[in-house]
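Generate the whole structure from the sequences, applying the supplied hints.
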Amino acid sequence: MASHVANMRGLLAGLDEAEQTQLFDLLGKLFAGLPPAGR
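Start counting the sequence shown at 1; every next residue gets the next number (this note's numbering).
Read the hints as simulated data drawn from the structure, not as lab findings.
Treat the numbers as computed from the prediction; the structure is a model and nothing was measured.
Some hints could be false.
To be verified - Pairwise CB distance ranges, derived in the manner of DEER restraints: (1) L30 to R9: 17 to 23 Å; (2) P35 to A13: 19 to 25 Å; (3) G14 to P35: 28 to 34 Å; (4) M8 to P36: 18 to 24 Å; (5) D16 to P36: 30 to 36 Å; (6) L27 to S3: 17 to 23 Å; (7) A13 to P36: 27 to 33 Å; (8) G33 to V5: 20 to 26 Å; (9) P35 to L15: 24 to 30 Å; (10) L30 to S3: 16 to 22 Å; (11) P36 to G14: 25 to 31 Å.
Virtual Cβ for every residue (Gly too), placed ideally from N, Cα, C.
Here you go:
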């Protein structure tokens, strides 16, 4: 999981602010549609 987070950080470093905003919006929508994990 830690390596996955590192990969995400590397990906985010290559995006500009608007792209990051769009990505987080998309991720938020995806995670909103999933059942909460382990809660």
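Comparing the hints with the structure gives:
1. L30 to R9: 17 to 23 Å: holds, 19 Å
2. P35 to A13: 19 to 25 Å: For P35 and A13 the Cβ distance comes to about 31 Å; the hint is violated.
3. G14 to P35: 28 to 34 Å: holds, 31 Å
4. M8 to P36: 18 to 24 Å: Since M8 and P36 have Cβ atoms about 20 Å apart, the given range 18 to 24 Å holds.
5. D16 to P36: 30 to 36 Å: holds, 31 Å
6. L27 to S3: 17 to 23 Å: holds, 18 Å
7. A13 to P36: 27 to 33 Å: holds, 29 Å
8. G33 to V5: 20 to 26 Å: holds, 21 Å
9. P35 to L15: 24 to 30 Å: Given about 28 Å between the Cβ atoms, the range holds.
10. L30 to S3: 16 to 22 Å: Check passed, 21 Å falls within 16 to 22 Å.
11. P36 to G14: 25 to 31 Å: Because 30 Å falls inside the window, the suggested range holds.
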